[in-house]
Amino acid sequence: MNFFQEDGRGGIVDASGEEASNFVVEPLFRMTKLVNLKNYIKNKKVTTDNEEPKDIDMSEAAKRVERPTVYNYYTDKDRLRYFYFIQEKLMKPSEAAKAANVNYETARKWKRAYDQDPDKKIPFKKTNRTSNRPESKLNEQHKAYLTDFFDENPSAVIQDAVENLTKSFEGLQIKKSRVAEFMKEDCNLSIKVVTRHPVARNSNKTLEARAKFVEEWPAKGMDFMTNCVFLDESGFDINMRRSRAWSQRGTEAVIESPSARGVSHTIIGAVSAFGVVNLSIRDPGNVKRRKVVGATKRKVPGDAASAITKGTTAGHYLQFISDTLDIMDEFPNMKGFHIVMDNAPIHSHSLVDPLIEERGYVPVYLPPYSPELNPIEMFWKVLKDKVKRGKLSSLETLTTRIIEGCHDVPVEHIQNFIQHSINTFSKCLNKELL
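Everything in the sequence shown is counted per full-length UniProt numbering, starting at 1 for the first residue and increasing by one.
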């Protein structure tokens, strides 16, 4: 905020004594609230402890109609097929049960009985090879080589594997199709969408920082499930679409998108085990022009507006934190909670810490490159999937879709996100990779 005063000679000057401009440009940190804890709880129709149960008229219950229990009947072939997938295909029990079309609970009983008494010698299919197909030339040495090769070169293609395999094992001649089949069925490998991680994500320094965080903060009384609120920001735009779509076999799945790039909107959120505490969108425009009455009509210095940073700044983040603390103040049981956030540049300790501590809360900063420790990261993933579900109707906007999607995330799911982060603590203590 700029202050002006008269100079005693009929002119207007600023605090430094310089002649004031007709208009002054000031930073503006506007945020629009989309969801807060009160309307989130109201939308979930949660009954508070203070509410008394309402009397309702009771009517005689209808007589229960007994239905005959239907049991699945499995043959020895079904049992044989299940153990084939377990022992030959190295599938997980749930995957094997699904592949064999067997009830999972029944399959678990079979597996438990076999583990307790392997002498039962349950037969299983040795191979699915047709009688006229030659036996594979690949053996355990080849399997070990291929596994090591793809561990070191996860983005390599089948042709690369064939070339390296035939060079390493003199005289071996093998087709790509047999190597691909061998990798999928015997090595239990599959190709997946790549997730890119920065080199520093699992450096020794980062592993040490995670272990220190998990050792120190819980000892100070921090409990993710009972006294923490998790903050973060994420980008949304109107052209967000799912990466998969339905189409006829043999044809591409095509979704038309506007030629112009959609404007990205920054959403800042705060969640806890009680639900969504605050969700706000940054309004466009970081400056405002204020007229200075009595000032001379000269132009504003050219660099005045350009000096103000565009996009989401520390000012927006501080405004969001202040709004979030206002919401939390309305819930006495949240007093003294830990405000957990990452170490993004706009999360300036010198600005954020005093604001949080003066209000009676505790600022907590996560180790770098540790999104698994912030449950709101999973919340963003689920919320974006809900926003991407289809084209906006004429009555919808991006913000209405975000609000609707937010209310569609049950508090139990948010608690599961938090529990998932808690489950990584042991890995952090053991300095394992995340």
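No lab work stands behind these hints: they were computed from the structure.
Careful: at least some of the hints might be erroneous.
Stated by the list, open to error - For lysine-lysine, the following DSSO-like pairs were computed, each having C-alpha atoms within a straight-line distance of at most 27 Å: (1) K137 to K89; (2) K384 to K33; (3) K33 to K427; (4) K212 to K431; (5) K33 to K431; (6) K92 to K77; (7) K212 to K335; (8) K431 to K44; (9) K386 to K192; (10) K89 to K33.
Stated by the list, open to error - Computed Cβ-Cβ distance ranges for the label pairs, DEER-style: (11) D237 to L189: 13 to 23 Å; (12) P198 to E95: 44 to 54 Å; (13) N333 to I191: 47 to 57 Å; (14) L351 to K427: 24 to 34 Å.
Every value quoted in this text rests on a predicted model; they were computed, and no experiment measured them.
For every residue, glycine included, the Cβ atom is placed at its ideal position computed from N, Cα and C.
Quick rundown of the hints versus the structure:
1. K137 to K89: holds, 18 Å
2. K384 to K33: Status holds; Cα separation ~18 Å.
3. K33 to K427: Since the Cα atoms of K33 and K427 sit roughly 37 Å apart, the hinted pair is violated (cutoff 27 Å).
4. K212 to K431: holds, 10 Å
5. K33 to K431: With Cα atoms ~39 Å apart, K33 and K431 exceed 27 Å; violated.
6. K92 to K77: Roughly 19 Å separates the two Cα atoms, so the pair holds.
7. K212 to K335: holds, 26 Å
8. K431 to K44: Answer violated: K431 to K44 is near 39 Å, above 27 Å.
9. K386 to K192: holds, 23 Å
10. K89 to K33: violated, 52 Å
11. D237 to L189: 13 to 23 Å: Taking Cβ atoms as reference, D237 and L189 lie about 36 Å apart, which means the hint is violated.
12. P198 to E95: 44 to 54 Å: violated, 32 Å
13. N333 to I191: 47 to 57 Å: Cβ of N333 to Cβ of I191: about 48 Å, so the range 47 to 57 Å holds.
14. L351 to K427: 24 to 34 Å: holds, 32 Å
Checked against the numbered hints above, the structure violates hints 3, 5, 8, 10, 11 and 12; every other hint is satisfied.
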